[in-house]
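Whole structure, please, built from the sequences with the hints as guidance.
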Amino acid sequence: MSDRIPSDFPIIEDFLTWLEQAKTDPQNYPQLSENLQALEDELTAAEDKTLKLAKIIKGWCNKHQITFNREQLITVRLHMAKKGDKIPKPAEGERPEIVYNKALLVARVREGKEAAQS
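Residue numbering for the sequence shown follows the working numbering, beginning at 1 and increasing consecutively.
Where hints are given, some of them may not hold.
Straight-line distance between alpha carbons at most 27 Å, and here's what the computed DSS-like set of lysine-lysine pairs gives [stated by the list, open to error]:
hint, residue 1, residue 2
1, Lys89, Lys55
2, Lys23, Lys58
3, Lys89, Lys23
4, Lys102, Lys63
5, Lys83, Lys49
6, Lys63, Lys83
7, Lys102, Lys113
8, Lys102, Lys52
9, Lys49, Lys23
10, Lys113, Lys86
11, Lys83, Lys113
It should be emphasised that the hints constitute simulated quantities derived from the structure, not laboratory data.
Structure, rendered in structure tokens:
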């Protein structure tokens, strides 16, 4: 696999940022728990290949008409950093699958689902 990050991988960072935002304000995301269950099921059944996982997330976002405002996501990440939280991201030269693996993504989706149910 190439060390270059394919264009589909930023969708994972954007999705994880969006999910953190959705967890803090679940009333703005009706049926989030149900929708995340379907995503969790897809991710769990998928092969642990970062590109495949990114495509699943991209498809899920398209299906649910979730779009990302990059400027807004940057602001969310800055606020998270001030609180000591951050969205995982591969370091320069690091293979994406080290960070963006199935276990991490399924765990984050479960956390989002649980927060939406609260």
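Going down the list of hints, with the structure as the test:
1. Pair hint lysine 89 plus lysine 55 holds up; C-alpha atoms about 17 Å apart against a cutoff of 27 Å.
2. Between lysine 23 and lysine 58, the direct Cα distance comes to roughly 19 Å. Compliance with the 27 Å bound is thereby established for this hinted pair.
3. Taking the CA atoms of lysine 89 and lysine 23, the gap is about 19 Å. The hint holds against a cut of 27 Å.
4. For the hint pairing lysine 102 with lysine 63, the CA-to-CA distance comes to about 20 Å; that is within 27 Å, so the pair holds.
5. A distance of roughly 31 Å separates the Cα atoms of lysine 83 and lysine 49; the hinted pair therefore is violated under the 27 Å criterion.
6. Between lysine 63 and lysine 83 the CA atoms are separated by roughly 32 Å; this puts the pair beyond 27 Å, and the hint is violated.
7. With a CA separation close to 16 Å, the supplied pair lysine 102 and lysine 113 stays within the 27 Å bound.
8. Only pairs whose Cα atoms come within 27 Å are accepted, and lysine 102 paired with lysine 52 is accepted, the gap being roughly 10 Å.
9. Of the supplied pair hints, the one linking lysine 49 and lysine 23 holds, its CA atoms being roughly 26 Å apart against a limit of 27 Å.
10. For the hint linking lysine 113 to lysine 86, the alpha-carbon distance of about 19 Å falls within 27 Å, and the restraint holds.
11. Between lysine 83 and lysine 113, the direct Cα distance comes to roughly 22 Å. Compliance with the 27 Å bound is thereby established for this hinted pair.
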